[in-house]
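Following this note's numbering, the numbering of the sequence shown begins with 1 at its first residue and continues without gaps.
Hint data in this document are derived by calculation from the structure and do not stem from the laboratory. Cβ atoms here follow ideal geometry from the backbone N, Cα and C, with glycine treated the same way. Do not take every clue at face value.
[As the list claims (entries may be wrong)] So the derived label-pair ranges between C-beta atoms look like this:
id, residue 1, residue 2, range
1, Glu170, Ala126, 24 to 30 Å
2, Ala90, Ala36, 16 to 22 Å
3, Glu127, Glu170, 26 to 32 Å
4, Gln184, Tyr142, 17 to 23 Å
5, Ala36, Gly112, 24 to 30 Å
6, Ala126, Asp100, 33 to 39 Å
7, Glu7, Lys91, 36 to 42 Å
8, Arg158, Ala31, 37 to 43 Å
9, Glu123, Arg162, 15 to 21 Å
10, Gly122, Tyr185, 24 to 30 Å
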Amino acid sequence: MTSDALERLRRVLPPSPASADGAALDLQGVAEAEAALGVQLPPDYLDFLAVYGAGSLDDFLLIAAPAEAPGHQYSTSMVDITGAFRRAAAKPYIAEDLGDGEAYIHWGMDDGGVYYLWRVEGESSAEWPVYVYGDELTVLPYGIVELLARACTGGLPRELQRRFRGNGHEFLHWQDRYRRDVEQYGSGSYIGG
């Protein structure tokens, strides 16, 4: 099932050459992440992965894969970044803003050090809103695909929309980004996911 938000996103954000469009979703990676996190991942995130895969929007917002890609030390795993986020969220100054850090799943981050999260609550992961945490906590009453569609069309709240550049957005699958960075910097200097 493809959501209206995903169709809107596809009209303004083409998948990159290595994106998963038409390929089977990495069900093993999804199963590993769901087992490690103890939840079912939101269906709109899985729909997004089935079309785009994990990667980055405008070399700014990283969207993590559910689990580490086998044989690729440079893929970014939701399981890994959630663990790191939960450890950081135990610090008093973060816990004061978020409450129980264990209640969050960290699915993305941007170059400004802002965390993109879901808070595990409610009956279904389809109901989880997006939480954006930087200098303050912003709760958006929609999922990841709607967030991305709005980011690409100017439909986010003003403070958040300013984080995303104007028109002509680009999505790079993490494998395309890896290849580009290796060509530019050499294989020994690549540091990102």
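Going through the hints against the structure:
One distance hint, 24 to 30 Å for the beta-carbon pair Glu170 and Ala126, holds here, with the actual separation near 28 Å. Checked against the hint of 16 to 22 Å, the pair Ala90 and Ala36 passes, with Cβ atoms roughly 18 Å apart. Checked against the given bound of 26 to 32 Å, the beta carbons of Glu127 and Glu170, roughly 30 Å apart, stay inside it. Range check, Gln184 to Tyr142: about 35 Å between beta-carbon atoms, so the 17 to 23 Å window is missed.
Judged by the Cβ atoms, the range 24 to 30 Å given for Ala36 and Gly112 holds: they are separated by roughly 27 Å. Against the hinted window of 33 to 39 Å, the Cβ-Cβ separation of Ala126 and Asp100 comes to about 22 Å, which falls outside the hint. The hint said 36 to 42 Å for the Cβ distance between Glu7 and Lys91, and at roughly 40 Å that hint holds. Checked against the hint of 37 to 43 Å, the pair Arg158 and Ala31 passes, with Cβ atoms roughly 39 Å apart.
At about 34 Å, the CB distance of Glu123 to Arg162 disagrees with the hint of 15 to 21 Å. Separation of Gly122 from Tyr185 is about 43 Å and departs from the stated range, judged on CB atoms against 24 to 30 Å.
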